[in-house]
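Colleague: Taking the hints into account, I'd like the entire structure generated from these sequences.
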Amino acid sequence: MPRLINNQLVTSLHAQSSVSEEYRMLRTNIQFSSVDEPIEVMMVASAQAGEGRTVTISNLAVTYAQEGKKVLVMDMDLRRSSLHHMFGLRNHTGLTRVLANQQPWQEVVQETEIDHLHAITAGPNPPNPSEMLSSRRMKALLVDLKEHYDVILMDTPPLLSFPDGLIVSAMCDGVILVVQAGKVKKDVVKKAKANLERVKARILGVVLNNVKRRTDRGMEERNLT
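All letters in the sequence shown, in the order written, are residues 1 to 225 by full-length UniProt numbering.
Treat the hints as calculated values from the structure; they're not laboratory data. One should not assume that every hint holds.
Computed spacing ranges between beta-carbons, pair by pair [stated by the list, open to error]:
| no. | residue 1 | residue 2 | range |
| --- | --- | --- | --- |
| 1 | 148 | 183 | 33 to 39 Å |
| 2 | 106 | 128 | 22 to 28 Å |
| 3 | 124 | 144 | 17 to 23 Å |
| 4 | 130 | 25 | 18 to 24 Å |
For glycine and all other residues, C-beta sits at the position ideal for the given N, C-alpha and C.
Modeller: Structure (structure tokens):
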């Protein structure tokens with residue numbers, strides 16, 4: 001029986017739409033941002049909740065899979081997981097089971113309705129999310145996963161709410177910062193950016209959501225300076 005894919009997964013449901021083309025442009029820009037050192041592991045971050053982080057990483061993951069790459073998308077938000085809703089997946093098991101040494105990752109990885117795209121959901125909420133994500137087990141897991149996937153994308157909690165995102169950023173080749181236009185104040189975004197820079201995370205770029213198209217171009221850098 002087909003899974004119910006969230007209607008926000010436009011790159012799958014409406015692959016020829018202008019929005020899907022924007023996601024493909026984002027993928028291309030990421031690829032060209034580092035020619036000498038391919039970006040294999042990345043995370044999508046936001047300063048606050050509700051800025052479109054999960055929607056962005058899910059659609060970006062689809063565009064990589066559509067290119068023929070073997071892609072894994074992971075829900076690293078062990079507090080309020082939502083990635084499974086995007087792909088219509090179960091969440092009774094997942095990353096927390098692996099990090100607690102209860103299951104191998106091969107048992108929790110799930111196929112999606114998208115060819116070449118697999119997912120590891122968050123799983124049951126643990127009492128110690130930050131400790132789990134910073135554990136040696138997490139680092140070893142990522143090393144193993146990189147042997148099996150071309151691209152790994154991670155969804156994380158809001159940067160200014162919990163330390164989890166900063167912990168995960170240290171494991172990534174790059175970070176994409178998602179900003180909801182008209183909702184988040186510039187000082188809040190600058191603080192999130194400064195926090196990433198403090199842990200030496202590599203910011204690949206900014207996705208500005210909810211922007212009128214006539215004012216869309218060229219705003220990313222100005223919003224962060």
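Colleague: Taking the hints in turn, state whether each one holds.
Modeller: To see whether the hints hold, each was checked on the structure:
For residue 148 and residue 183, the Cβ-Cβ distance of about 37 Å falls inside the hinted range of 33 to 39 Å, so the restraint holds. In this structure the supplied range 22 to 28 Å holds for residue 106 paired with residue 128, their Cβ-Cβ distance being about 24 Å. Checked against the hint of 17 to 23 Å, the C-beta distance between residue 124 and residue 144 comes to roughly 22 Å, which is consistent with it. Taken as a hint, the range 18 to 24 Å is violated for the pair residue 130 and residue 25, whose Cβ atoms sit roughly 34 Å apart.
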